[in-house]
Amino acid sequence: MAYLELKNVQKCFGNVKAVHEFTLDIDKGTLVSFLGPSGCGKTTTLRMIAGFEQPDEGTIQLDGTDITTVNPNQRDIGMVFQSYALFPNMNVQQNVAFGLKIKKLPKPEIEKRVDEVLEMVRLKDTAKRFPHQLSGGQQQRIALARALAVRPRVLLLDEPLSALDAEVRVALRGEIRRIQSDLAITTVYVTHDQEEALSISDKVVVMENGIIQQVGTPQEIYRAPQTRFVATFIGTANQFFGTVSSESTVSSNGLTITTRKLTDFGKGQSVVVLVRPELITISSDKPVVKNINVLEGIVETITFHGAVTRLGVHANQQNVVADITMNSSESISLNQKIWLSFKPDACKVMAADK
Amino acid sequence: MNQKIKSSAKEQPNKRAQVWQVILIVLFLFYMLLPILSTYIFSVATRWDRTILPEGYTFEFYKEATDASYFSSSLRNSLILSLSTILVSLTIIIPTVYWVNVRLPQAKSLLDILMILPFGIPTVVLALALVQIYNGTPIGRTPELLIGAVFIYSMPFMYRPISNAMRSIDALRLTEAGQSLGATTLQVLLKVIIPNIYPGIISGSLLVFATVFAEFTLTKLILGARFKTFPLLLVEYTRINGNIAAAFSVISFTIAWLVSLLILWVGKKSQGSAEHTPNAH
Chain E
0 MAYLELKNVQ KCFGNVKAVH EFTLDIDKGT LVSFLGPSGC GKTTTLRMIA GFEQPDEGTI
60 QLDGTDITTV NPNQRDIGMV FQSYALFPNM NVQQNVAFGL KIKKLPKPEI EKRVDEVLEM
120 VRLKDTAKRF PHQLSGGQQQ RIALARALAV RPRVLLLDEP LSALDAEVRV ALRGEIRRIQ
180 SDLAITTVYV THDQEEALSI SDKVVVMENG IIQQVGTPQE IYRAPQTRFV ATFIGTANQF
240 FGTVSSESTV SSNGLTITTR KLTDFGKGQS VVVLVRPELI TISSDKPVVK NINVLEGIVE
300 TITFHGAVTR LGVHANQQNV VADITMNSSE SISLNQKIWL SFKPDACKVM AADK
Chain D
0 MNQKIKSSAK EQPNKRAQVW QVILIVLFLF YMLLPILSTY IFSVATRWDR TILPEGYTFE
60 FYKEATDASY FSSSLRNSLI LSLSTILVSL TIIIPTVYWV NVRLPQAKSL LDILMILPFG
120 IPTVVLALAL VQIYNGTPIG RTPELLIGAV FIYSMPFMYR PISNAMRSID ALRLTEAGQS
180 LGATTLQVLL KVIIPNIYPG IISGSLLVFA TVFAEFTLTK LILGARFKTF PLLLVEYTRI
240 NGNIAAAFSV ISFTIAWLVS LLILWVGKKS QGSAEHTPNA H
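Protein chains in written order, with numbering that gives the first Met the number 0: chain E, 0 to 353; chain D, 0 to 280.
In case anyone wonders, no lab produced these hints; they're calculated from the structure. Bear in mind the structure is a predicted one, so any value in this text is a computation, not a measurement. Heads up, none of these hints are tricks.
Pairs of lysine-lysine, DSS-like flavour, derived with a Cα cap of 27 Å: (1) E:K102 to E:K127; (2) D:K190 to E:K106; (3) E:K285 to E:K342; (4) E:K100 to D:K268; (5) D:K268 to E:K106; (6) E:K102 to D:K190; (7) E:K266 to E:K342; (8) E:K127 to D:K190; (9) E:K266 to E:K289; (10) E:K100 to D:K267; (11) D:K190 to E:K103; (12) E:K100 to E:K111.
Partial pick of chain D residues on the chain E-facing surface, computed with a CB cut under 8 Å: (13) I168; (14) A176; (15) Q178; (16) L180; (17) Q186; (18) V191.
Even glycine gets a Cβ: it sits at the ideal position worked out from N, Cα and C.
Could you build all of it, start to finish, from the sequences and the hints given here?
Okay, here's the thing in structure tokens:
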């Protein structure tokens, strides 16, 4: 049985359905992230787990007991906020000790635990400082230490890195993951940043409009998206709309795309073929390899991304993006005529209305 | 050479403006301080109607003022009245402002409007209405009714600073953070919210003290002679002896300033101790 179970949880704000029939099992000790654009219901779901919002319907169970109506302060669930929410009138040590004092732990035990968690977030030397004397990244680490000090059963993180700059964000997410696996604490992580979700989660829950789109490991989510939304929200995907023309081809705007065997689709059905930009190869001469999809196009944009360079190519009456690595021997310039090719294996076919 | 002329010509109007500024400021200060200053001088003057400055000086009026039969009781009454109003005000307004900020943000504008109302009702009307309504009830014409009335009357002075202080912190987020650490709402209010709105609480208390300590109309109309406060005594003496009344005024100023300093000092001290208590050593 899962540790944290959400069963058919629903929440409306006025006429807006924020969360719709949300059912999810979270195993003990895992890090699960809720990923989606803003307004997709991920934060609302998190706040229902924390007890700050009441679900209109459904139940939330923690370790076998129903906590749906339990007060937030009796749930034993820690929370880290985007805005840190450190108590400005207390120094770091007092902030971290707050929950322990509320629990009325003996003083030596409080001291021990405060030291322990400050050590864990590597900020022992800031114990006497006040929140306003710390950087954003340091404040968020203190907020994490404060939440962990009471040893909660579940840790919730609500966009904890959104207010930080890129470098700190990457460093801190690694640290969060390290601490989470060291403590083996069940964690729910809300983010709109797909890279963040993919890099630190055991499982990713992709949400849109209050509905779960897909649940899976980061690899599953990226490699085998089940809906068009997931495919385009997680990373980039070229979309070729068309109809099934044979058992392994799709015809799109006159172009015949060879795919893997289409067992789930009948001839004439409307489908979309999704191809990741990194699976498209570029060449200036027409490739002569057999059993490969080839289309001709004109380079319209070149965007340098560091490790890769992304090309925007006008091909087959639509825009296609392709990633090439820096050391590609081919030099590409704007308005150049090039050939794009991708293998049938690179194509992910799904119903057009999915 | 040419440049020099230009610059001095430029300086001319600047200097003139500066002179005017100084004159205006001096006039303003004169206007503000003259009544206070004359009260001070009048309270120690022997005779001051034939000359520009008093003919002689004496502390006799202070002795007479402090010897007055109601001096200490009216002073005590005034202090009781203002301090208990501050207490009532704090216990009602802090939780209300907190609740509205955290749970009922849509009521914020309603509360803002409600808090201007006391300014719109003349105190005479307020007092007479209260007397009419509560006459015959156990609290009619009692100091308790007066405390209720001056609380309403001084409410905006407490509400504004506290509301501003509350808006400057993210009360909702701090509350949720406290709750997720196991604290009840009351614990959050006492240990997190109040220490963080301290500056608002202090300035609110100061304003309420200053207003209530000098309150005359409500006290006079609701209680009259039954509960003589310092302003009542003062007004009484303006009819008997102007010099003694002046001495009362000076005593009143001084007490108001001393109490203000005390409130500031207590505020600074408790805020400082909240910030600097070493809790683990």
